[in-house]
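Q: As a plain string of letters, each chain reads:
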Amino acid sequence: MRTSWQKVIFWGGPILLLLFITAGPLSSKERATEPSDFIPPERVADYIHAIIEADRTIYTRQVVGRMQEKGIVSAEEHWEQKNGLPLPAQFLLAAGRLVAEKERGIRYRLISLWPIKERNGPATDFERKGLNAVVKNPDQPHTGIVTSGKRRFFQALYADRAIAKACIDCHNTHPLSPKRDFKLNDVMGAIVITIPLNR
Amino acid sequence: MLLVGILPLLIGLVMAFLQARKEIREVNGASFQALAVETGRKLDLVIKEEEAKTRRITLDPEIIRILEERRDVLLDGDEATFKDQLDHEQEAWIKKDPKFLHPITQGPLAKILEGHYRGTISEKDLSFTVVTRSATRALYITDIMGRLMASIHTKVPYTNKEASWWKGAFNKGIGQTYLENVAFDNLLDTYTFSLSIPIMDSIGYQAIGVLHRAYDAKEFFAPSIDIIGFGKTGHVMLIDSQGIVLSCPLLPTGKRIEDARVIPLVTPRHPGWAPTPSDGHGGTETSIIGFTPLPSVSRITQQSTGTAWHMFVWQSSEELYGPIQNLFTWIAVFGAISFGLLITLGSISAGRIVTPIRRLQAAAKLIGKGELREPIVIKTGDEIEELADEVNRMNQQLESAFKQLKSHLASKTEEVQYLQESTTQILDSVPAPVIMLDSDEHIQYMNPASQDAFGLGNGAAEGKKLFEILKTDTKMRQKLQQEIQDIGQVKAESLSGRSTQEQQGASQLRDPLSPELPMAQNEDNRTLNINNRIYCYDWFPVKARPGENQRIGLVLRDTTEETRLHERLSQNEKLASLGVLTAGIGHELNNPLVGVIGFGEAILEETDTSQMKEFAKSIVERGKHMAAIIQDFTGQVRRQSYGRLSQVNLNEQLTQALKLVQLTEDIPSLDIQTDYQPIPPIQGQPDDIRQAFVNLIKNAVQAMKGGDSLFLGTQYTEGLVTITIRDSGRGIPKPFLNKVFDPFFTTKRQGEGAGLGLTIVRKTVTKYGGEIRVESTEGQGTTFLMTFPASYPPPSKEESP
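Protein chains in written order, with our numbering: chain F, 1 to 199; chain S, 1001 to 1801.
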């Protein structure tokens, strides 16, 4: 059973792509005047990234930060065993997993060139290139179309910075961390958002 | 007695055993834990490595490509068509249709799978170990619908969509490693556990299939677990957190640990050791178990099945505590032997030592009662025999001593009886009445004299109270009762002192010149009137038997005759005294009277007026002298009249006496020295005493012819007041010293004194209980010393006048 949203993506993707290929990139003014209900995947990714980042920031600052400051509960890696709070990175990954379980097609995760867990490293060349790109130019997301068999996907990598001291403290001291000289506001990795273009 | 020695030994032994058990438990517990941790860590690594190597297969690009194609076909195709197709394929698989089987077991995908399995297309260090490869019972790949895509053999199910491992690993296309617990696999006909790894598409977006690998649990774990053994029973085993045995050298795989109480004790999330109520292997004895969870594996199994895998190290209690139990048994055996020996030797010793001692003990008891007739016969040839001989000797000596004592006692008893009888005889024969009383005034004894005195028959008064037979007025009775009470308290010394005083009183009574003092007589008069006879009485204390009250004796002396005689004698003495007095007056007056008569006759014959005046002057002189003599006598008589006694200060009286003498005598050149100490008053009549002092001072002054020195002194020592009057006159010749106090003795010339002055002085002094003494050396002077008993102690110096 496909949802209406999935249908939009299913049909919208190829049409957009066709427009891109045949007409080339259009100016925003021109596109705005076109009577179209479709939203380009870059913008969709931007929307989603804004939400993810806002949620994670709220969690990091207003939940973890405050709880730890008041000595009520702290965030730690093995939070389930130790009855603590998930680390902000774990929060993001778990949320991504939950989104995936909803089977809406949209997926996101947190990857890095220096992951503590190997599975959080780049899975493809595109991701590796994207990570390098956002490290160099953090303000610009790295986007592109990737394929798996006949499946086509839009992927966008957004630089992920060390927004709290807890982030760098953990990565700079964890025994499995490959890089230990992070500073506040450094790009530690990227949030990769994957949007299927056909189904 | 034996218990005293054995009990601490037993307690000590048991405590040592328990302590040793405790220490063994703690040491072994720690060792078991260390072994569990070490084995667990190794197995954890083996499984992790196996997972990593198996994951490598899922990253094979060819496999991913084929499965991506398969996914695209399935997702783009029609669901109804696929369902029909599935039923058909399922049927073909069960029927083992070679056409259908071939692509799965021999197709390109199967070949790649086989290559990885055999290690032919893997890098050398990434290929499976021999152990894990041989333990592998199944290895196959499914598509996104759970349908079999490739397998190394045919003993596997075609469709797996409903299998929990498939659902877990595919996880709605997200993919997650899944480690399934041990379970019996019907197709493979063995206990297996499985590892399922999702195959992700080329961009890691979604799962496109699952790689499933099943292992023979026993074969997989045995090399890591079964080889580890210690002692006869000590071994390592692997269980999950439900208590299902994954691998154990003793228990079958898949079996649950019987005692459910043990499971929570050995499956915490941390390593440790614990004493458990049973051993988990069917034994019911308390056991020691070391344990640890497999950290990495458990994380996977927690996500997969919610359970964890735990390493478990155990050794049977029998073996664990065997050495200490053996030691304890041997000590107990040797202890029992020692105990037996102790009893045996003890009995022998008792036969040789205790029995003779008991006989001696019995004999000693008999000696104590004086009943040992036969000598003790003990022939042990040691100190006990010597002791028995000594006891026999002692018994003989005691017997003879006892006989002597008996005869001595008999003679003493006779003596006592004799003394008693003789005392009674003495008392009976005493003519004075003697009565014995107890402290309650009951009469205990009356001698015949007292019975006669009271007019009672023999024994008539015994047991009666004294005042039942002695009738007196109330005042007298109270006085006597008070005396009885006092005598009970007074000690022998004070008693004797009192009787001396009384004797003095008695002697005073007999002095014919001593005036009677009615008041004093009333207080000290110890006389009783019984049946119209007068008795002088006295109390004396009688020694009582120990524990009994004081006894009191009353002795009476019949003084009826004596009193009457004394009264008559007193009367005669008074008459005689009057005679002497009259003679004295006569004698004194006669001499001047002769002169008066002579001068009177001479006047009658004389005519010369001047001569007559001379004679008349002589007559007046003689008359004055006679008047003085009469005054002397009348004063004496007056002073003898009775007056009331009062407290007299001798210092005052001495001062007044001196003044009187100074008025009447011409003593301008006399040197008078006085030394008046503070003294208490005495009891007497002031006039009497002053007159006595006047007489003495006058005597002294006259002795010195109005010249030289006079000393007057008073002093108080030990209840006595002493008066000293000393002159420096011519003194008294020695032959006269004893006579100075006799009446009418005088050294003065005729007409100068009657010779009664010192007599009166002595009477006065003795009347008030005093004494007078004279010391004199001829030519040097005379000293009179008087002592009076003081009424009470003197005032302090500040208060003295």
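In case anyone wonders, no lab produced these hints; they're calculated from the structure.
Computed from a predicted model, the values in this text were never measured in an experiment.
Check each hint, because a few of them may be wrong.
Taking lysine-lysine pairs in the BS3-like style, the calculated list, with each CA pair at most 25 Å apart, reads [unchecked claim]:
| hint | chain 1 | residue 1 | chain 2 | residue 2 |
| --- | --- | --- | --- | --- |
| 1 | F | 150 | S | 1083 |
| 2 | S | 1042 | F | 117 |
| 3 | F | 102 | S | 1172 |
| 4 | S | 1053 | F | 117 |
| 5 | S | 1379 | S | 1365 |
| 6 | S | 1739 | S | 1698 |
| 7 | S | 1739 | F | 102 |
Q: Are any of the numbered hints broken by this structure? If so, which, sorted upward?
A: Violated hint: only 7; rest satisfied.
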